[in-house]
Structures are given as structure tokens and as C-alpha cells.
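S.K.: Residues per chain are reported as follows:
There are 2 protein chains.
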Amino acid sequence: MSEIPTAAISRLVTYLRILEQLEGQEIARTSSTDLAERAGVSAFQVRKDLAYFGRFGTRGMGYTVALLKRELVRVLGLNQTWNVVIVGVGRLGQAIANYPGASDYQFQYVGLFDVSPELVGRQVRQLTVRHIDELKDFVRDNKVDMGFLAVPPERAQDAAQALVDAGVRGILNFAPVVIGPRLPEGRPSEGSGQQEIGDEWRAVIVENVDFLAGMKRLAFYIRNPLLKDPTGPETPA
Amino acid sequence: MSEIPTAAISRLVTYLRILEQLEGQEIARTSSTDLAERAGVSAFQVRKDLAYFGRFGTRGMGYTVALLKRELVRVLGLNQTWNVVIVGVGRLGQAIANYPGASDYQFQYVGLFDVSPELVGRQVRQLTVRHIDELKDFVRDNKVDMGFLAVPPERAQDAAQALVDAGVRGILNFAPVVIGPRLPEGRPSEGSGQQEIGDEWRAVIVENVDFLAGMKRLAFYIRNPLLKDPTGPETPA
Chain A
1 MSEIPTAAIS RLVTYLRILE QLEGQEIART SSTDLAERAG VSAFQVRKDL AYFGRFGTRG
61 MGYTVALLKR ELVRVLGLNQ TWNVVIVGVG RLGQAIANYP GASDYQFQYV GLFDVSPELV
121 GRQVRQLTVR HIDELKDFVR DNKVDMGFLA VPPERAQDAA QALVDAGVRG ILNFAPVVIG
181 PRLPEGRPSE GSGQQEIGDE WRAVIVENVD FLAGMKRLAF YIRNPLLKDP TGPETPA
Chain B
1 MSEIPTAAIS RLVTYLRILE QLEGQEIART SSTDLAERAG VSAFQVRKDL AYFGRFGTRG
61 MGYTVALLKR ELVRVLGLNQ TWNVVIVGVG RLGQAIANYP GASDYQFQYV GLFDVSPELV
121 GRQVRQLTVR HIDELKDFVR DNKVDMGFLA VPPERAQDAA QALVDAGVRG ILNFAPVVIG
181 PRLPEGRPSE GSGQQEIGDE WRAVIVENVD FLAGMKRLAF YIRNPLLKDP TGPETPA
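So the sequences go chain by chain: A and B.
Residues in the first sequence are numbered consecutively from 1, following the numbering used here.
Residues in the second sequence are numbered consecutively from 1, following the numbering used here.
Any given hint could be a false lead.
Put simply, identical chains are the same to the list, so a pair is met inside one copy or across any two.
For lysine to aspartate or glutamate, the following DMTMM-like pairs were computed, each having C-alpha atoms within a straight-line distance of at most 25 Å [what the hints assert, rightly or not]:
id, residue 1, residue 2
1, K143, E37
2, K48, D104
3, K48, E154
4, K48, D34
5, K143, E20
6, K143, E23
7, K48, E118
8, K48, E3
9, K136, E3
10, K136, D104
11, K48, D137
12, K48, E37
13, K69, D141
14, K69, D165
15, K48, D133
16, K48, D165
17, K69, E134
18, K69, E37
If you're looking for bench data, these hints aren't it; they were derived computationally from the structure.
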């Protein structure tokens with residue numbers, strides 16, 4: 001599995017979203033050709049992406065939407081509960097905390113953290129906003145898997161480091177700066193992007209969410225409307 | 001140009017983001033191999049994606065970061081001003097309005113719209129929140145190109161339709177429902193996803209931003225950390 005490109009994982013997420021749409025439209029079966037058209041890639045690409053993870057569907061018979069969806073949910077690790085803390089509870093952090101859909105995939109918000117005296121102690125989504133200083137103990141005591149970063153750009157590096165030091169396994173960065181891809185940079189002491197957990201070393205994964213990418217795609221398609229696949233899915237964020 | 005896959009446009013956006021990072025690191029030259037590694041695709045894919053739009057760089061010499069960046073900015077249509085209205089000025093809409101970076105690419109927020117009596121009339125980012133009923137006149141009078149949708153899911157379809165009826169050329173949908181890909185569905189009278197503008201018909205482009213995609217990628221990489229390319233860029237939103 002060590003040669004699966006990042007783009008293939010993004011496409012798997014797109015295929016899953018398409019399967020959810022098909023299920024919503026009560027369409028029971030699909031094919032690599034159908035998925036390819038909706039995803040704006042080739043049918044060969046779809047089959048190749050899926051082949052990394054096993055053989056789904058029956059040759060010449062296509063795929064059962066419900067079964068392929070279940071398989072992709074399993075492959076993507078969405079069949080387990082993920083405990084999430086949000087660091088930064090300003091407009092963006094509150095928008096994320098209140099954004100519907102995360103719970104569909106067992107992303108559970110268990111803690112909210114900030115440094116602002118106006119926010120610490122406040123209730124958001126039945127959770128009390130805690131001070132960032134409590135992060136490390138909280139992550140340990142609550143088996144936190146992921147941290148979502150929604151702090152101002154100038155705070156992102158330190159907040160990400162605090163999440164890494166607290167021991168989260170992954171960071172989803174909504175702040176408008178690039179962090180990672182494995183560990184916040186500029187901390188030579190952290191070096192390899194790994195940290196000791198018991199006896200083994202493991203990477204802290206960082207995914208950056210780019211709000212501007214959608215704006216850029218939109219600008220392109222407004223100027224080139226004929227290139228917009230009318231059957232295409234939403235482009236994944 | 002009628003066969004450029006949607007995925008290629010998303011990759012162009014990724015390449016541009018990588019070039020911005022390289023420029024930030026004062027790296028003056030790159031190559032299809034370097035871009036490919038950072039984007040998690042093949043060098044052939046990079047060359048193929050770029051070849052849709054012309055010949056950049058010199059054979060065997062790679063690319064000048066600044067020049068390729070400028071070309072991609074032009075190709076993506078980011079070298080012009082885009083007048084944007086935001087519909088929905090709750091937490092998410094305000095987070096978008098205040099998210100840094102949009103102005104770097106001449107996305108100019110010229111109007112904010114909502115239906116809530118608590119919001120209409122309020123000042124956000126030096127703009128007065130207007131009632132959605134004023135949208136049509138405002139779009140016409142202010143040469144609005146794009147509408148960003150940040151309304152609750154149950155309002156998204158109607159709000160998108162209001163933007164289309166007002167005459168915007170594209171919609172970036174942040175609401176947690178899929179709209180489009182060309183026009184809000186469920187309006188048979190709108191049918192083809194086109195509307196009359198003067199004598200010609202043109203499509204209204206819709207891009208959907210999927211907050212959950214990043215969460216799903218993160219879940220996968222936490223379970224498969226060795227697959228995470230340590231040199232990879234942030235995955236585009």
C-alpha cells in the first residue's frame with residue numbers, strides 16, 4: 001500500500017460522496033464508467049483507485065452502491081468513532097463545531113479550546129470552552145484522536161504544536177496557513193515529524209483545508225463554462 | 001479544451017498552491033517531478049495537466065516558479081477582479097467573510113445578505129447586511145459575479161435559486177448539501193441549468209465545498225500513516 005498517491009485518497013473521498021448522492025437518489029447500482037463521469041476522471045482511474053484496496057463489484061456487473069459505499073467507509077476508517085477537539089472557538093471554530101454531517105461519520109467533538117478570556121468558560125454545543133493550557137491533560141484523559149485547528153494564522157503554528165505535544169494522532173488545519181504535511185515546521189527539536197509513543201515512533205498527520213481552492217475552481221469554470229461537467233459531483237473540499 | 005477533466009482543474013489549483021509555497025520559501029525553480037512529488041501525482045500527470053493550457057517551462061530545464069505561477073493565475077482566471085456576495089451571514093458566513101486570503105486573488109466581498117432580523121442592518125467587514133429581497137437589484141447594480149452560500153441546509157436550495165435568478169455567474173456552496181453541479185435542482189422550470197442573458201444562454205456554475213472531505217482524508221491517514229507523503233502539499237479544500 002506504500003505507493004498510493006494522495007490524489008487517489010482524495011478521489012476515494014469523492015467516490016464515497018458520489019455513492020452517498022446515488023443512495024440519496026435511491027440508485028442501487030453504479031459502474032466505474034458512471035463513477036468516472038461523475039468524478040471527472042477516467043473509468044480506468046476509478047478501477048485503479050479501488051484496486052489498491054481490493055476487488056469490489058463483479059466484473060462486467062458494476063457495483064452495488066450500498067456495498068461499495070460500506071467498503072469505502074471501511075477503507076477510509078470511517079467505521080470507527082473519532083474523538084475530536086477544536087482549538088480556536090472564534091467564528092470559524094464555532095462554524096465548524098456547528099457544521100452538520102460530522103456526526104454522520106462518528107467524528108465526535110469532545111472538547112473546545114481557546115485562549116480568549118471572552119470564550120473560555122462559555123458553552124458551545126453543550127461543551128464548555130477550555131483554556132489551551134488544559135489541552136494536554138484533556139487529550140490524554142479523553143482519548144482524543146484528532147484536533148481541528150481554527151485559530152488565527154499567527155497562532156496556527158503554536159496551536160498545532162500544542163496538539164502534537166498533547167499527543168493527537170492527526171490535525172485538520174482550517175487556519176489560512178499551510179502546516180505540515182506531518183508536523184508543524186520550525187521546531188527542529190521535533191525534527192522528523194515523529195514523536196515517541198511508548199516504544200514506537202509515529203507520525204502526526206496534518207491535513208490542511210483550503211477555503212480558497214473552491215473560489216479558484218469557480219473562477220476558472222465561470223470563464224470556461226463549457227468545461228464544467230454537468231454530471232460532475234461537488235468537488236471535495 | 002472540451003475534454004479537460006474536473007480533477008485536472010483541482011490539480012492546477014494544487015500546483016498553484018505549491019508554487020505559492022515554493023515562492024514563500026524563495027525557491028525559484030521547480031520541475032514536473034518536484035511538483036508531482038509534492039502533489040502526490042505522477043510527473044506525467046503534471047505535464048499532461050499543464051499541456052492542456054500551453055507549453056510552460058523549457059524542456060529539460062523545468063519551470064521558473066514565478067512564471068509558472070503567473071501563468072496558472074491567468075489560466076484559472078485569478079488575474080481579474082471578482083465581485084462576490086455572501087448569502088447567509090451566520091457563523092459560517094461571517095467566518096468566510098473574515099477568512100484571510102480571498103483578497104489576494106481579487107475576490108472582493110461587495111454585499112452580505114440574510115433573512116434574519118437580528119442580522120439585517122448589522123455591519124460585518126464594513127458592509128451592511130442586507131435582506132435577501134434586495135439581492136436581485138444589488139447583483140444587477142454592482143456587477144456581482146459570484147455568490148457564496150452559507151445558509152442552513154434547508155435554505156440552500158432556495159437561496160441558490162435566488163442567486164441564479166439574480167444573475168450571478170457562479171455559486172460557491174458552503175452549505176452542507178450538494179447543489180448543482182450547474183443549477184439548483186428541483187426547479188423543472190429552470191430545466192437545463194441555463195438562463196437567458198441577453199440573446200445567449202449560459203450556465204450558472206456551482207462548486208460545492210465539502211468540509212467533511214478533509215476529515216475523511218485525515219481518518220484514512222491516521223490509520224495508514226506510512227501512506228502520507230511527507231513532502232506532500234496540503235490537500236486542496
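S.K.: Each hint: holds or not?
M.R.: Going down the list of hints, with the structure as the test:
1. Taking identical chains as interchangeable, the C-alpha atoms of K143 and E37 are never at most 25 Å apart, the minima being 41 Å within one chain and 34 Å between chains.
2. With identical chains, the CA atoms of K48 and D104 are never at most 25 Å apart, being 28 Å at best within one copy and 37 Å at best between copies.
3. Taking the closest pair of Cα atoms, K48 and E154 never come within 25 Å of each other, the shortest separation being 41 Å inside a single copy and 37 Å across copies.
4. Taking CA atoms no more than 25 Å apart as the test, K48 paired with D34 passes in both settings, with 15 Å inside one copy and 23 Å between copies.
5. In this assembly of identical chains, K143 and E20 lie within 25 Å of each other by CA distance neither inside one copy nor across copies; the values are 29 Å within and 36 Å between.
6. Proximity of K143 and E23 under a CA criterion of 25 Å is satisfied in neither setting, with 33 Å inside one chain copy and 39 Å between copies.
7. In this assembly of identical chains, K48 and E118 lie within 25 Å of each other by CA distance neither inside one copy nor across copies; the values are 51 Å within and 51 Å between.
8. Taking CA atoms no more than 25 Å apart as the test, K48 paired with E3 passes in both settings, with 12 Å inside one copy and 20 Å between copies.
9. With identical chains, the CA atoms of K136 and E3 are never at most 25 Å apart, being 34 Å at best within one copy and 51 Å at best between copies.
10. In this assembly of identical chains, the alpha carbons of K136 and D104 never lie at most 25 Å apart, being 27 Å within a copy and 36 Å across copies at closest.
11. When the C-alpha separation of K48 and D137 is checked against a cutoff of 25 Å, the pair qualifies neither within a copy, at 43 Å, nor between copies, at 49 Å.
12. With identical chains, the CA atoms of K48 and E37 are at most 25 Å apart both within one copy (15 Å) and between copies (19 Å).
13. For the identical chains of this complex, K69 and D141 are neighbours neither inside a copy (33 Å) nor across copies (46 Å), given an alpha-carbon limit of 25 Å.
14. In this homomeric assembly, K69 and D165 never come within 25 Å of each other (Cα to Cα): the closest approach is 35 Å inside a single copy and 36 Å across copies.
15. Proximity of K48 to D133 under the C-alpha cut-off of 25 Å is found in neither arrangement, the shortest distances being 46 Å within a copy and 49 Å between copies.
16. Taking the closest pair of Cα atoms, K48 and D165 never come within 25 Å of each other, the shortest separation being 38 Å inside a single copy and 41 Å across copies.
17. When the C-alpha separation of K69 and E134 is checked against a cutoff of 25 Å, the pair qualifies neither within a copy, at 38 Å, nor between copies, at 42 Å.
18. In this homomeric assembly, K69 and E37 come within 25 Å of each other (Cα to Cα) only inside a single copy, at 17 Å, whereas the closest approach across copies is 29 Å.
Checked against the numbered hints above, the structure violates hints 1, 2, 3, 5, 6, 7, 9, 10, 11, 13, 14, 15, 16, 17; every other hint is satisfied.
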